[in-house]
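Hey, can you work out the whole structure from these sequences and the hints?
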Amino acid sequence: SYPDCRTVYSLPKGASVLKSLCEKCGLPMISYGRPRQRACLDPKCGKKKSEVEEVVGKCPECGSDLIKRSGRYGEFVGCKGFPRCRFTCSVDEVPEG
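Just so you know, we're using the working numbering here: the sequence shown kicks off at -16 and counts up by one.
I should point out that these hints are in silico values taken from the structure, not numbers from a laboratory.
Simulated crosslink set (DSS-like; lysine-lysine; CA at most 27 Å straight-line): (1) Lys63 to Lys41; (2) Lys7 to Lys27; (3) Lys27 to Lys2; (4) Lys(-4) to Lys27; (5) Lys41 to Lys51; (6) Lys7 to Lys51; (7) Lys63 to Lys7; (8) Lys51 to Lys63.
It should be emphasised that the depicted structure is a prediction, and the values quoted were computed from it without experimental measurement.
Printed below as a string of structure tokens:
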């Protein structure tokens, strides 16, 4: 606590501090940018929410993994081979096999 701790972190323009804490270092997570991204307050930590990729199947066009992603209009499934392969579908329409 102050005055013992003199560590100061700068927030990116338009960023807000979230209530959730970083699993890696325990500092608060922040929300910033357009589209909004979540990351640890400490830039040296490097913990971003998007580090965990949920594999939901195989791409019917190239055979790479299909992963759940989040975009401007909500969640969708996209090929891990992007930008080489541009296959996408809604979460409800994941192809079998």
